[in-house]
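Could you put the whole structure together from the sequences, leaning on the hints where they help?
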Amino acid sequence: MSAEIRTTQINLEGLLEVLGKNLYSTPVVVVRELVQNAFDACVRRRIESGWTGVPQVRITVDPDRHTLAIGDNGAGLTRQEIIDFLATIGSGYTRVLRNRTQDENAVGYFGLGFLTAYVVSDNVEFLTRSYIEQADCLRFASAGGQQYTIDSAADRPVGSEVVLHLKDTFHDLADYEFIEQIVRKYCCLLPIDIVLGDSDEPVNRIEVPWRLEDASELRIKKASLEFAGVFDHSFQPIVTIPLPLDEDTGVQGLLWIQDGSYYATSDNRITTIFIRSMHITDECKELLPEWAGFVGCVIDSASLTPTASRESVQQDKYFAAVRAYVKQVLIDAIVRLAVERGADWRRLQSRHNQSLLGASISDPMLFDAMRDQLALPTSEGELTVEEICKRSGERRLRLALEQEGGYEYLIARSMGVPVVYGYRFAAASFCRMRSQDGDITLTTLGSRESSGDLFPNQPLDDDNLAIFERYYGRADTKLVVSNFEPACLPAVRVLDQDALLRKRLEADELDEHLGSAALMLAKRYTDSLDIEQEAYLYLNYANPVIRGFIDLPDERRDQVAKILIAMTELMHGPAGETNSTAAMETLSNELLAIARSVS
Amino acid sequence: MDIWNWVWDIQWELRDSGHEALADFMDRIPSDTVAGHHDRVDLYADEAIALARDVGNPWVEIFLRHWRLQSTVLHRQDAKRSIREAVELLEFSHRPENRDCPQSICAVQDLASCYGAFDGPGFADERISVCRENLERIDARWPCYECIGAEYAQALLDAERFSECQEFVESCDRAMVEAGEGKSTSDLLLVRIMLYVRTGEYERARKYAELADKGRYIEKRLRVAKAAIESADGKHREALEMLPDYAEIENQGVCHYLWCEVMCRAWNSGTGVSEDDIANVARIALDMEERGAYRQALQTNAWLVDIFRRDGRKEAAACLAAMKRVSEHLNKDLGASELIASLET
Numbered sequence: 042m043s044a045e046i047r048t049t050q051i052n053l054e055g056l057l058e059v060l061g062k063n064l065y066s067t068p069v070v071v072v073r074e075l076v077q078n079a080f081d082a083c084v085r086r087r088i089e090s091g092w093t094g095v096p097q098v099r100i101t102v103d104p105d106r107h108t109l110a111i112g113d114n115g116a117g118l119t120r121q122e123i124i125d126f127l128a129t130i131g132s133g134y135t136r137v138l139r140n141r142t143q144d145e146n147a148v149g150y151f152g153l154g155f156l157t158a159y160v161v162s163d164n165v166e167f168l169t170r171s172y173i174e175q176a177d178c179l180r181f182a183s184a185g186g187q188q189y190t191i192d193s194a195a196d197r198p199v200g201s202e203v204v205l206h207l208k209d210t211f212h213d214l215a216d217y218e219f220i221e222q223i224v225r226k227y228c229c230l231l232p233i234d235i236v237l238g239d240s241d242e243p244v245n246r247i248e249v250p251w252r253l254e255d256a257s258e259l260r261i262k263k264a265s266l267e268f269a270g271v272f273d274h275s276f277q278p279i280v281t282i283p284l285p286l287d288e289d290t291g292v293q294g295l296l297w298i299q300d301g302s303y304y305a306t307s308d309n310r311i312t313t314i315f316i317r318s319m320h321i322t323d324e325c326k327e328l329l330p331e332w333a334g335f336v337g338c339v340i341d342s343a344s345l346t347p348t349a350s351r352e353s354v355q356q357d358k359y360f361a362a363v364r365a366y367v368k369q370v371l372i373d374a375i376v377r378l379a380v381e382r383g384a385d386w387r388r389l390q391s392r393h394n395q396s397l398l399g400a401s402i403s404d405p406m407l408f409d410a411m412r413d414q415l416a417l418p419t420s421e422g423e424l425t426v427e428e429i430c431k432r433s434g435e436r437r438l439r440l441a442l443e444q445e446g447g448y449e450y451l452i453a454r455s456m457g458v459p460v461v462y463g464y465r466f467a468a469a470s471f472c473r474m475r476s477q478d479g480d481i482t483l484t485t486l487g488s489r490e491s492s493g494d495l496f497p498n499q500p501l502d503d504d505n506l507a508i509f510e511r512y513y514g515r516a517d518t519k520l521v522v523s524n525f526e527p528a529c530l531p532a533v534r535v536l537d538q539d540a541l542l543r544k545r546l547e548a549d550e551l552d553e554h555l556g557s558a559a560l561m562l563a564k565r566y567t568d569s570l571d572i573e574q575e576a577y578l579y580l581n582y583a584n585p586v587i588r589g590f591i592d593l594p595d596e597r598r599d600q601v602a603k604i605l606i607a608m609t610e611l612m613h614g615p616a617g618e619t620n621s622t623a624a625m626e627t628l629s630n631e632l633l634a635i636a637r638s639v640s
Numbered sequence: 010m011d012i013w014n015w016v017w018d019i020q021w022e023l024r025d026s027g028h029e030a031l032a033d034f035m036d037r038i039p040s041d042t043v044a045g046h047h048d049r050v051d052l053y054a055d056e057a058i059a060l061a062r063d064v065g066n067p068w069v070e071i072f073l074r075h076w077r078l079q080s081t082v083l084h085r086q087d088a089k090r091s092i093r094e095a096v097e098l099l100e101f102s103h104r105p106e107n108r109d110c111p112q113s114i115c116a117v118q119d120l121a122s123c124y125g126a127f128d129g130p131g132f133a134d135e136r137i138s139v140c141r142e143n144l145e146r147i148d149a150r151w152p153c154y155e156c157i158g159a160e161y162a163q164a165l166l167d168a169e170r171f172s173e174c175q176e177f178v179e180s181c182d183r184a185m186v187e188a189g190e191g192k193s194t195s196d197l198l199l200v201r202i203m204l205y206v207r208t209g210e211y212e213r214a215r216k217y218a219e220l221a222d223k224g225r226y227i228e229k230r231l232r233v234a235k236a237a238i239e240s241a242d243g244k245h246r247e248a249l250e251m252l253p254d255y256a257e258i259e260n261q262g263v264c265h266y267l268w269c270e271v272m273c274r275a276w277n278s279g280t281g282v283s284e285d286d287i288a289n290v291a292r293i294a295l296d297m298e299e300r301g302a303y304r305q306a307l308q309t310n311a312w313l314v315d316i317f318r319r320d321g322r323k324e325a326a327a328c329l330a331a332m333k334r335v336s337e338h339l340n341k342d343l344g345a346s347e348l349i350a351s352l353e354t
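From first to last, the protein sequence lines are chains X and C.
The numbering of the first sequence is the numbering used here, which starts it at 42 and goes up by one.
The numbering of the second sequence is the numbering used here, which starts it at 10 and goes up by one.
If you're looking for bench data, these hints aren't it; they were derived computationally from the structure.
If you're wondering where the values come from, they're calculated on a predicted model, not measured in any experiment.
Ideal Cβ placement from N, Cα and C applies to all residues, glycine included.
Simulated crosslink set (PhoX-like; lysine-lysine; CA at most 25 angstroms straight-line): (1) X:Lys564 / C:Lys89; (2) C:Lys89 / C:Lys333; (3) C:Lys89 / X:Lys544.
Label-pair distances were calculated between CB atoms; the ranges are: (4) X:Arg252 / C:Arg246: 49 to 55 angstroms; (5) C:Trp17 / X:Gln277: 31 to 37 angstroms; (6) X:Leu570 / C:Glu353: 29 to 35 angstroms; (7) X:Glu423 / C:Glu169: 55 to 61 angstroms; (8) X:Ser353 / C:Trp17: 35 to 41 angstroms; (9) X:Asp300 / C:Ala330: 53 to 59 angstroms; (10) X:Glu327 / C:Leu220: 32 to 38 angstroms; (11) X:His274 / C:Gly27: 27 to 33 angstroms; (12) C:Pro67 / X:Arg454: 26 to 32 angstroms; (13) C:Gly27 / X:Gln277: 23 to 29 angstroms; (14) C:Pro67 / X:Gly514: 32 to 38 angstroms; (15) C:Leu220 / X:His274: 43 to 49 angstroms.
Written out as structure tokens, the structure reads:
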């Protein structure tokens, strides 16, 4: 059997119904689509005829007759153009114009916008007078779009007017208040005056900051804040960031920082996308980086491609390019604010420092930019890494993962060394990441490294060391003679955390309530730990009592040692880990002995 | 047993007493964990736990710490980083004042999961014993019954005790039906699917995959499991179509091993796998070693050695070296030395 070439049949009625009813999520887009056609007609007239008149779109409604009319003073259509473009689905003149002139001002794309007229209307009239064939005033009429008539119309100026005889379910559209809302939303960037009824006052006029030429910085700033406020209904914009025209993507717009957020990971991104000045969507958070939960933006772009319904944008390579550009501008602006340290930075930092800490961890680009700008919560207040290093005099971050104080806090404070509160949002993760560069050491309080670092060895000869060992040495405790601040602290006893964990796992009561298999698995871990001693006793050679200890008579040494050991146990032993009663008893007895010896 | 009841109650109490943030954390940490927002969990978990300590509520602390381990161990399989916390939580949650906290049961499972991540087959016996003990403390009315049951079944599967695994999974389903909970649709079902993959019963595996919960909790794991069925059945194109993109599973360590297996098989069959995909497998192999997932790292590197060597690429040597490194950390050899020796020749 030989191949047979046939033509695909089109069920126009069915297609119209599908496109009409399913392409758009809301019938109000009819206003957007027809205003856009009107705007494009004005652009065409300017380009093709050099027309210098003031373009205008006028919308009129008649609630009694249920009509909505959208008129313009654009190019109008000839009879042939009506047939070729208005009455041919998927064929728009704007595309032809754009291809021919490379002019990007017109908005239309698919030649589908006029379809929306049939979605909401029983009858559609199109009255027009072309600038090319000015002798003819024409009237196109169709009920449902499948068939149409073209005949002569009453005299009218150059331009067109679409008159929609609304279906019962869309009578709401014949209402000026409603239409005004729609126009304000969809057409606020469109550089054409849109007027309603007999009024000559445009309803879509808004001061677009990136179009303010030769305006003062202050005026642009004020206009930017106002502009952002129109689009952000949740938070007050506090800082605005211009998004300058990007030659590659044709995108420009405005970013802003919101006043507040519910929590550091809250996602309150606001994005409004316009394509060629026509509103497309408010639902495209992914245009902003995921971490920018406190940022809003409005962009206008010629390179983004709308979906056929023009209610969202295609996530293609242009979208990726715009996204990357927006992110770069945002990061650059935040860094600039941080470096300048002006009022804007203070406002931003006071509200979003935590968010930025978290954000920088998830975005290496932001981290690189902000690593020395963001403040960490510390025992000495909010400080940047450099400020911490300056105060401590070393390239080291000390991180506390517990809220409890303890001897390390005490020592750090006395040395004026800030301790980073690692239990606050993102602080620990930020410190860990910051220390990966190698120029900063991270020490976690409570760790062996931390102790070794806080308590440097005091060089002593063997005889003296032996004396200290005799009085302070214990089988379960490693004695270290050290030299640290504050000098008023004679000794510190530190429990080894690994040893503590092992000891706890060996407690009889745990054995009674935890299955033996689970316990065995847990002990497998603690058995693998390199545990030198259960505790460390650091004697402070900077303290006069310790320094003079060697010179004391034996009896006094014994007394002092007992008192100090008891004191360190009471001071630093966590509840349940030391025998407090015994320590207190020792302390009491020795003090009593001293009192008696003095008296 | 509704192990969440006390959670709802305590949240009300916390809110009433002005501890809104802590109450919010109790919602946020399970929700972010299940949704795969592990980076977020890392950001606030320390803060949440510190608040619980500040309020002086050890049950809330156990709850939060357990959920952090769910994120780091169950989802990310980051055993090396989590083992200490798992041991500490086990001890803390079984102190006299805390042991009635329902999440103390979960703390036992967190520890078993850690060892499962280190070396699933090598620690299979230990995990089986731990889970058996743990299951004796609860019944099928507990929501954690399925979770712990899944760990138990996975250990049986790792030990290649297939018929026992099948019997156990069926007995769990029966018990859950009798308890009015219905048959498993998530964790246990996933083990069941993989059981049938291992025994070559692909139709059966497909049938059970269709019964799975469609929610986000196991969404990615289910997609990977479905891909694994097709892959094992030699349908590599279908497998690749089902397999999530690398970006989707990058922070889901629990999906890594099967993802790599599907990719490597498809590569070997010459089916639509790119250099980038293999680079991602290599990335995952390094990540596995870093996380302490030694058995998985061993096998994944073995696949890579095979692939790189066939293409005459020098990366093969690095992967073989990695195999030797990770094999030192295995609890039992179970063929590791033989595998390395076979690739050295």
